[in-house]
Amino acid sequence: MYNSQLPTDGSIAPMGTSIGAGVFDQRTDRHGNERIRVLLKSFGLRTSLIRLKVIDALLSAAEQERSLGVRGVHSQLLDLDIPLSFLSVREVLKRLCSEGVINLNPDKSYSLNPQAFAALHGE
24 MYNSQLPTDG SIAPMGTSIG AGVFDQRTDR HGNERIRVLL KSFGLRTSLI
74 RLKVIDALLS AAEQERSLGV RGVHSQLLDL DIPLSFLSVR EVLKRLCSEG
124 VINLNPDKSY SLNPQAFAAL HGE
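Numbering follows our numbering, with no gaps: position 49 of the sequence shown is 72.
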């Protein structure tokens with residue numbers, strides 16, 4: 024009988040491995056996002072993929088001492104092959120801003136709230 028989990032080249036799969044392990048392993052990404060998940064929960068927000076990606080983009084920009092507006096966040100997500108609409112990104116930024124996770128700066132760029140930034144860096 025055919026078993027889709029066994030290799031088709033006649034070799035035996037090592038014990039403890041699963042399909043999708045290695046490069047496509049999502050556990051690494053999940054572990055990296057855990058601190059963002061905790062941050063969202065501390066602000067009373069549910070975790071969503073778009074929130075994780077937007078906060079990660081703002082965090083990366085802050086670490087590179089850059090500021091991003093809506094278009095900058097949207098462009099950065101598109102560069103990472105994350106197909107989100109401009110409107111979706113804008114709405115998430117507005118919601119995160121209203122909840123105090125991020126701040127809207129006078130130059131119309133967004134940045135992480137200092138308290139949120141400190142929490143993400145374990146301070």
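Worth flagging that the hints you see were computed from the coordinates, not collected in a lab. Treat the hints loosely; a few may be bogus.
[Stated by the list, open to error] Calculated pairs, DSSO-like style, for lysine-lysine (alpha carbon to alpha carbon, straight line, at most 27 Å):
| no. | residue 1 | residue 2 |
| --- | --- | --- |
| 1 | 76 | 131 |
| 2 | 117 | 76 |
| 3 | 117 | 64 |
| 4 | 131 | 117 |
Taking the hints in turn, this is what the structure says about them:
| no. | hint | verdict |
| --- | --- | --- |
| 1 | 76 / 131 | holds, 20 Å |
| 2 | 117 / 76 | holds, 15 Å |
| 3 | 117 / 64 | holds, 17 Å |
| 4 | 131 / 117 | holds, 12 Å |
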